[in-house]
Amino acid sequence: MSRAKKKCELLPDDLISVILFLLLYTQHSLTQTIVPSVSNILRYGNGERGFVGSTQQVSYFENLTDIRLNFPPSVTIGFRLLTDDPPEIGDSFQGIQRRFVEFRQDNFSLRAGNFNEMFGRGLALNLFENRGLAYDSWMDGVKAQYKTSFISATILGGTINFRDSVTIARHELYKIRAGNIEMNLIKGFMIGISFVDASGFIPQFVGSKTIKAEIPEIYSQFQFSSVSGFIGYAHKWTNVLTDTSSHNGDGVYAALSYKGKGFGITMDYKDYRYDILDPFDRGASERSTRMLPFQNAPIVQKEFNYTLLTRALHQVDFNDEVGFQIEGYYSLSSSTMINLNGSIASRHHYYDYNEKTFLFTERKRNSSFLPTPEKRLSPYWELFFEAEHYFEETSAIRFGAARRENILYNDFTGAQFSHTQQATIIPLQLQYSLTQEYSIIVQTENEFAYDSYNTSNEHYYTQLLTIIFTRSPNISIATRYEHTTNTADPSNRQDWLVGEVGYTFGQSHTTTISYGKERGGQICSNGVCQYQLPFEGIRFSLRSQI
Amino acid sequence: MKPTFSLSKLFLRFLVYRFAATLAMTTMLLSYSLSQEHQNLVIQTLNGNEVSLKELTSKGPVLVNFWALWCEPCKLEMKQLQSIYNQYKDKGFSIVAINQDNQKSVSKVSSYISSQEYSFYISTDSDGEIAQQFNVQNIPFSLLFDTNGMIVYKALGYKPGDEKKIEEELEILFSTKE
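Chains as they are written, first to last, in the working numbering: chain A, 2 to 547; chain B, 78 to 255.
The hints are simulated quantities; they were obtained by calculation from the structure and are not laboratory data. It should be emphasised that the depicted structure is a prediction, and the values quoted were computed from it without experimental measurement. Cβ coordinates follow ideal geometry from the N, Cα and C atoms, glycine included. Everything hinted at is true.
As a list, the in silico BS3-like pairs of lysine-lysine whose alpha-carbon atoms are at most 25 Å apart:
#	chain 1	residue 1	chain 2	residue 2
1	A	K188	B	K131
2	A	K148	B	K131
3	A	K262	B	K156
Pulled from the structure, derived: some chain A residues nowhere near chain B, Cβ distances all over 12 Å:
#	residue
4	R164
5	D251
6	R288
7	N355
8	F361
9	F370
10	F386
11	F400
12	T421
13	Q422
14	A489
15	D490
With the hints as constraints, model all of the structure from the sequences given.
Structure representation (structure tokens):
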């Protein structure tokens, strides 16, 4: 499918705006009963983006308005007006992207239209949207829920039109029927069961496949005194109707937390075996037997808020990965806190390559329920330490250190041509309040990296310096400078400098304008954090929450 | 680098038209209050208890705050919110901090809260259902409700010093009550 413009089939968007304007502004009787809430995001960018030897002119305009109208006592109508043309990523769109009608009465709710949902921790069903990554698995259908303190029951049915966020022209279509029940048998102990029935149309590089999948799930959550935990198991059976083959896979996720006065520790575990394949077949990301896009289990890795650390080395393979993570928070005093995190993940089994037959033989590992640092199993590990100390009420210093390594083993050639990436990152942040209104944040992140595939310079250094000056509550002025010694960066650059001014007015309208070169990642600016794509040029955003 | 910089009339029209429509909706929302769906909102806290927004507002002002572990401004703000809570809780003031971490990090929330020893209400919202009811798109985001369920203050984002505005609003509320 080409990147064709999609238009609302009902009404032109200008006419919709007029209708809304009249409905909400002139109808006095209606304003007495309707309780509306509106959020609006307007984003504009004009510049260019460099990638692997070429530079592309980029211009985007996005205006996203989410509106909820509550008609007391029980009905809510909601819709999203979206103008995304030209888009920063994905397809162009103009019109009503989402709409729903919801009825709530006592413990019962019924929703028709677009909705999201998650069962347990997402092993079987997790419908969500992340616009920064162009990921949207919201469903269009009907959902009914009944919730009391003892039981929660959900049934839903509908369709998902999922756009591949990597190959954006590719769409997968799913028809889903699913149900979930959670029961609080005793206080602090809950058990849940889910069942997802899906049929899907999945385009391949050549042709397409239709599938039928069934995903039963069981999970439990408990909390007793200082200990809380979760364990869940889901099984996926896929019948590929196109070639009458069937496939089985499953996933396990567990978490255990212990907390006390001034500290807390959490351990996560994952064992995802939704589609374990040999190296020939596992690279096909569009294959029909993989974990499906309406499933999204926990990644069991830390979500960082330092920009360089948000550029992930490791992409979690939900089809063949086992691992665990430990994270601890400890307060030395009311003004000093320590955070420690460690995680490790790897594949399950070995694959021996036969150079005569050109085939792989799977050699199962007895301890495949545990991750291993053994290189043949493409391990990933990371360690992170952070200390934070408040030396005044709103002045603090934060120091961190992270070390991580990712190995993508080449089963065809062995260790010699495997891809090894290592990085040591040291962030340091000073936040200082000059007066009650004025403050300054200076943040530096330093990365010492190694990349075995970088033929220009395997070892390189990257530094990011951020200076933010704020005047509460209105003004934020920031500059970010990044420099790398890596001469083979895909953007063809080694320096990035961006200046930014933000202004907040009317309590909940935040506008930001920036100019320069942005390398991308999780950026906190003007008091709000968001994921930004690489960009060079001028950017403008206006965020309103009404 | 030469950014092409052309603001067409069409773009200007969209900008002005869209923003005007949004602001127009705002002008008549001079008295945004707790809608029926918010009034009926019962939130389950990390301790397993249930709190009703309507019940809390009947006792005093309530600050509803949306935050996440990955959001540094959110964590900066929460430290200040604890100070404000300590100062005004005896007058009936409540804070409900609704965590927005999804399934990736939600298991760590209780550990983090325990280490910080925050004593106000904390709830998780890993599927974003509560955030949707309040139409939250960005965080941190805070709403201050008075005892009549009316919003008297809201804030998108956090900069050091913003907490003074919350204190000012609470002082007005409590002085009016007296």
